[in-house]
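Colleague: Sequence:
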Amino acid sequence: MTEDGFSFDAAYHVASYEDIVKRCICLFKYEGKIRLSKVLGSVMAEYAARNTGCFGPIDMIVPVPLHPVKLRERQFNQSELMAEHLAGRLDKKLEKNWLKRIKYTAPQTGLSREQRLRNLKGAFLVRKEARFADKSVLLVDDVMTTGATLHECAKTIKSAGAKKVLAYTLACGN
93 MTEDGFSFDA
103 AYHVASYEDI
113 VKRCICLFKY
123 EGKIRLSKVL
133 GSVMAEYAAR
143 NTGCFGPIDM
153 IVPVPLHPVK
163 LRERQFNQSE
173 LMAEHLAGRL
183 DKKLEKNWLK
193 RIKYTAPQTG
203 LSREQRLRNL
213 KGAFLVRKEA
223 RFADKSVLLV
233 DDVMTTGATL
243 HECAKTIKSA
253 GAKKVLAYTL
263 ACGN
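113 is the number that my numbering gives to position 21 of the sequence shown; each next residue is one higher, with no gaps.
You may find that some hints are simply not true.
As the list claims (entries may be wrong) - With a cut-off of at most 27 Å between alpha-carbon atoms, the simulated DSS-like pairs for lysine-lysine come out as follows:
#1 Lys250 <-> Lys192
#2 Lys250 <-> Lys162
#3 Lys220 <-> Lys256
#4 Lys250 <-> Lys184
#5 Lys220 <-> Lys188
#6 Lys192 <-> Lys162
#7 Lys125 <-> Lys114
#8 Lys184 <-> Lys247
#9 Lys255 <-> Lys195
#10 Lys255 <-> Lys192
#11 Lys121 <-> Lys162
No lab work stands behind these hints: they were computed from the structure.
Produce the entire structure from the sequences given, and follow the hints as far as they go.
Modeller: Take a look at the structure:
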């Protein structure tokens, strides 16, 4: 656990969640502009490719999963689409089915960090076929606000034996 209480070992992001970045993410996620996944994923991939020394060796990329109900509503997982571009550019294995969201949670918007952590407790599960033991994982999401989602995912992945989990998001902020 990091000094600030997170289960991930470090967190990286490309930009602040404001202005054009915020607008692009909102268009992508909430207005179904799926074509933006290529642009946003490519931005993440380019940043990661230029800064691979920060990450160190990575065995696999894992996107933050959506609950099946949310996936049916949205019809795509934005983190998975961006992670596909990232995995292709970095030539890393994408494990999009090893981590599963099993608890439907209320939207995180407007919740404090403590409320978000409570809301997400036990929300994720590692599937039986997953092989995280002694692996270094790059955990991908679109935005990190308080870090609660990434914390809970990393905690779940580490409970399956991962030696390192790095959080990587397109944006960070409120």
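Colleague: Does each hint fit the structure? Answer for all of them.
Modeller: Hint check:
Between Lys250 and Lys192 the alpha-carbon distance is near 14 Å, which keeps this suggested pair within the 27 Å criterion. Of the pairs offered as hints, the one joining Lys250 and Lys162 holds, with about 25 Å between alpha carbons and a cut-off of 27 Å not exceeded. For the hint linking Lys220 to Lys256, the alpha-carbon distance of about 20 Å falls within 27 Å, and the restraint holds. Only pairs whose Cα atoms come within 27 Å are accepted, and Lys250 paired with Lys184 is accepted, the gap being roughly 19 Å.
The straight-line distance between the Cα atoms of Lys220 and Lys188 is roughly 14 Å, inside the 27 Å bound, and the hint therefore holds. The hinted pair formed by Lys192 and Lys162 meets the criterion: a straight-line CA distance of about 13 Å does not exceed 27 Å. Straight-line distance between C-alpha atoms of Lys125 and Lys114 comes to about 14 Å, which keeps the hinted pair within the 27 Å bound. Restraint check for Lys184 and Lys247: the C-alpha separation of about 22 Å stays at or below 27 Å, so the hint holds.
Distance restraint check for Lys255 and Lys195: the Cα-Cα separation of roughly 25 Å lies within the 27 Å cut-off, and the hinted pair is therefore satisfied. Of the pairs offered as hints, the one joining Lys255 and Lys192 holds, with about 19 Å between alpha carbons and a cut-off of 27 Å not exceeded. A distance of roughly 11 Å separates the Cα atoms of Lys121 and Lys162; the hinted pair therefore holds under the 27 Å criterion.
Every hint from the earlier list agrees with this structure, and none is contradicted.
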